[in-house]
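Asker: Please model the entire structure based on the sequences and the hints provided.
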Amino acid sequence: MRIPTAWLREYVPVPEDRPGLEAFCDVLTMAGLEVEEVLDTPAGPTLYTKITPNRGDWASVYGTAREAAAAGKLALAPYPGYPERGPAPTPTSLAGAGASVAIEDPDACPRYAAKLIRNVTVGPSPQWMQDRLTAANMRPVNNVVDVTNYVMLETGQPLHAFDLDTLPGGAIVVRQAREGETLTTLDGVERKLEPGMLCICDVEKPIAVAGVMGGGPTEVTESTKNILLESAHFDALSIRRTAKRLGLGTEASFRFERHVDPLLVSVAAERAAALLAEVAGGSAEPSVIDVVAKKFTPRRVLARVDRVRRLLGCDVDREESIAGLERLGIRVDRIATNLDCVLPSWRPDLTIEDDIAEEIGRVALGYENLPETLPPPRSDGGKDSPRGLFTRAVREALVRAGLQDVHSHSLTAPSPLATADEVAHRVLIRAPLSPELSSLRTSLLPNLLGIVRRAHETGIRDAAVFEIGPVYLRRDGGGYEEPLRVSGVLTGSAMPQAWSLKPDAFPADFYFAKGVVEDLLAALGVGPTAFEASADEPITHPGRTAAVVVGGERIGLVGEVSEAVVESSDLPRRVYLFDLDGDRLLGLSQTAGQTLRRYTPLPKYPAVTRDLAPVFDASVPYARIARVATEAAGPLLESLRLTDVYEGANLGPGKRSLTLRFTFRSQTTTLRDAEVEAALGEVRSALVEQTGADLRTG
Amino acid sequence: MTEELKAIEAEATAAVRDAASSAELDQRETDYLGRKAGKLTSLLRGLGAMSPDQRPLFGQALNEAKARVELAIAERRDAVKAAERAERERAEAIDVTLPSRARPRGRMHPLSTTIDEVKRVMIGLGFEFADGPDIEDYHYNFDWLNYPADHPAMDEQMSFYVDPTHLLRTQTTALQGRMMGPGGRKPPFRIATIGRCYRVDESDNTHSHTFHQVDGFSVDEGISLADLKGVLGAFARGMFGPDVRVRFRPDFFPFVEPGVEVAVWWGGRWLELGGAGLIHPNILKRAGYDTEKYSGFAFGLGIDRMPMVRYGIDDLRLFLENDLRFLQQF
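Top line first, the protein sequences correspond to chains L and G. In terms of the working numbering, the first sequence opens at residue 1 and continues consecutively. In terms of the working numbering, the second sequence opens at residue 1 and continues consecutively.
What the hints contain is simulated information worked out from the structure, not anything from laboratory work. Quick caveat, the model's predicted, so the values are computed rather than measured. Just to be clear, a hint being listed does not mean it is correct.
What the hints assert, rightly or not - Below, in silico cross-link-like pairs of lysine to aspartate or glutamate (DMTMM-like), each with a Cα-Cα straight-line distance of 20 Å or less: (1) L:K50 with G:D155; (2) L:K383 with G:D131; (3) G:K36 with G:E4; (4) L:K244 with G:D201; (5) L:K244 with G:D155; (6) G:K293 with L:D355; (7) L:K50 with G:E272; (8) G:K285 with L:D355; (9) L:K383 with G:D220; (10) L:K244 with L:E190; (11) L:K383 with G:E128; (12) L:K50 with G:E156; (13) G:K293 with L:D306; (14) G:K293 with L:E353; (15) L:K50 with G:E202; (16) G:K293 with L:D315; (17) G:K186 with L:D380.
Answerer: Given below as structure tokens:
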């Protein structure tokens, strides 16, 4: 809210000088009523305050003055006419001179006062009033409307002025709207009203939406002579629901939603009548129709001083606490060591003992005086969650492998790359504000591909990125799941800094992507891993994709992005990806973490190394060759390594030569040539028989 | 013979001294000490012509001469080799200012770094981390946390709904109900969670529909607001340095009473970190805890502001846009 300091100064001493004003603002801010800034307006320095949802009483000049006085121990001028306690209930309908009020819904409208003011001259309000309204961010309209707004800003009580001559018989009925009723509100919009919306009606139809906005037909105009001024108390929840259903928020509804002090009804009416007489020349009828359907009774809360001290963690002084509470308008009766608090009508937020502790803490003690203590340390200690530990391990492994860690949006536009299964389980946002915010990601890949595409557009050709995070799926049979994925996208060179290599000598290709996955699995202790050709994946190249298989279970894939996707997604050529099931990896890594690992003693005898370079049909997969060779080589084989792949015209079409390096070693003796030759002989014949190897060059 | 021996030794010593390379030195060694035709070695053959009494004397003199020449050769060899090595190394000099060829490590996203740091500090303070879902039940996001239906407090929590009872969590505080609800923890405990939150918000430099929070909450006997201030002070000093001060300012959140806004004095100004307070007794009662025995604190802090202030980042949206030119700076 915007509050001119000159206005505030009518009730509480506000320093004129800037440093003094800043200190004043600081006191308010530290008491919880934040002054965000001090604006300069034609009405002088104006505070811009931030009102928390529980403190409707702060939405007024006087309420702000009251808080400043309590927090800063300043003298507060009483508000003229403010009552000590509420009036007794009066009949819900009273015939007055030329007007009547009937309340049909006492829960939604506990009290309604109508004041008649005759012979006003509608015109502009005086400059000082216009300046204050403008400074408070309200548009001056005419002297009558301006007075209602002025008093609302000053007291917090919204008011409304009806043109009395448009009300048949001056009759006001407060009731819920009936099915089918409509009203054209002051903003010129015809509103459909529904049961549940509280309305101010004449004898037959709604003339205002209670606490929200008045209606056009009863509006005060230049020709208005006589006024019925409404000052009423409406239930916060009723007004909020109505305003929400109508999609209509106003200064009045803002205040009613946050609860208006019920004792203000007649105070505000009298203040407005006096001002109207001053600025619009009207003469108020001395009597007021004040219908009290439900009487306000102050509530009490018993606060135990020892509990307050325990909650705050500080031995606050009892007498200072009482003084602080009383500055806030809370009447305190001492009962033994406890405080019996009578709560003021403007503080509906105070309901329990702990609320009193807060008031003592912030106003009597001041949080700057609250000590810092530490609760006793806990023997069970702190730790990360399994998923948190796993996430960190994955990030460290992939960063070590040279990839950039990214965090991409969960809320996205639906991706055209989604599979039919993803589409069927996609989670959509209801009533999305834009396509970009209309669904939750079902895969990390579209975001990662987008990052690489945008990098390419900015001239970055070599990019390797990964993300670990959830995707979101609707579960069959109800509910949602958020499976964890670990995905990456790579393109360009794998060694962009290697200036001695030809630019394409070490591309970020399938084998590089596969290596990244192997590095990750090794870091997690997961394995052994098999990569099995998989031709039918939705967005990858049918001839360049492998399923990643651990312990017979498929946990993801690695492959080249298909040409169709490259074209449709505007990607550079030759982009590679991996996409792994994070939850399964997490499970596998936990199992690995629990497995006892033992070291292998260092070898005592020398190794013997031999190369074979047979020619194979290119269609025979290396995995099969390696398996056959390993099995045939027997127990002396320490390792088998591929050292070269050669495809040349001299081998003939569809042929390739693989150079296989075998390392043999015995744990018990130095190997003799004959033993090695015997093992190699087994390898040769097995390769010929089982893989169709041609040994001519081997 | 003895004269000859002296002459040859002098000649050999000079030849060795003059040898300029290992190869030349090798040649001199063969010339004088070679088994077959070495000039010194050959003198041995003259031994037979000597009288028996002269033989041992001459033999000894010859061996001593050989040993001296061998020593001279060894010394000369060390010198020549050192010179040759130095020459080779001069020739092998490279331009050490050419760029490196190592494959660089990747980089952590600044949010990952911040999250790691927050976790490190909070684990040190005894918090046990747990994870909750992004798609949250309305019940845990609002009802459990004491948000009255149709309350103005909801205006600050405009949400993305996926169905009438589920939404993207607006605050990580939603984990409280999952931890304290039916079948949940019994006090004492000290739990924390970190994750994404979502609110319908105008997107600008400091607002995004997606942001990150860390929430911590603890229930124990005698937990006080001063304890909360102490824990947050320890957290802030762990994150930002030993001189950091923490400030409480009254604020309102339905799930705490009293409620405060937490700020730290860092880099010459108050940096608002988030909200905190003592867990509202309504919530403790809902969890079935005895509010006369137990109390608790809870805090929810924004993560994104931390790297923004640390690195001087002026646009929150950069974090999730993943422009590599941005990410490569960390």
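Asker: Determine for every hint whether it applies to the structure shown.
Answerer: Hints, one by one, checked against the model:
1. L:K50 with G:D155: Holds, at roughly 14 Å.
2. L:K383 with G:D131: Measuring from Cα to Cα gives roughly 12 Å; hence the hint holds.
3. G:K36 with G:E4: 18 Å, holds
4. L:K244 with G:D201: Holds, at about 18 Å.
5. L:K244 with G:D155: With a Cα-Cα distance of about 11 Å, the restraint between L:K244 and G:D155 holds, given a limit of 20 Å.
6. G:K293 with L:D355: Within the cut-off at roughly 18 Å; holds.
7. L:K50 with G:E272: 15 Å, holds
8. G:K285 with L:D355: 16 Å, holds
9. L:K383 with G:D220: At roughly 18 Å apart (the allowed maximum being 20 Å), G:D220 and L:K383 satisfy the hint.
10. L:K244 with L:E190: 16 Å, holds
11. L:K383 with G:E128: 5 Å, holds
12. L:K50 with G:E156: Roughly 13 Å between the alpha carbons, so the hint for L:K50 and G:E156 holds.
13. G:K293 with L:D306: 13 Å, holds
14. G:K293 with L:E353: This hinted pair holds, its Cα atoms lying about 15 Å apart.
15. L:K50 with G:E202: 19 Å, holds
16. G:K293 with L:D315: 19 Å, holds
17. G:K186 with L:D380: Satisfied, since the Cα-Cα distance of roughly 14 Å is no more than 20 Å.
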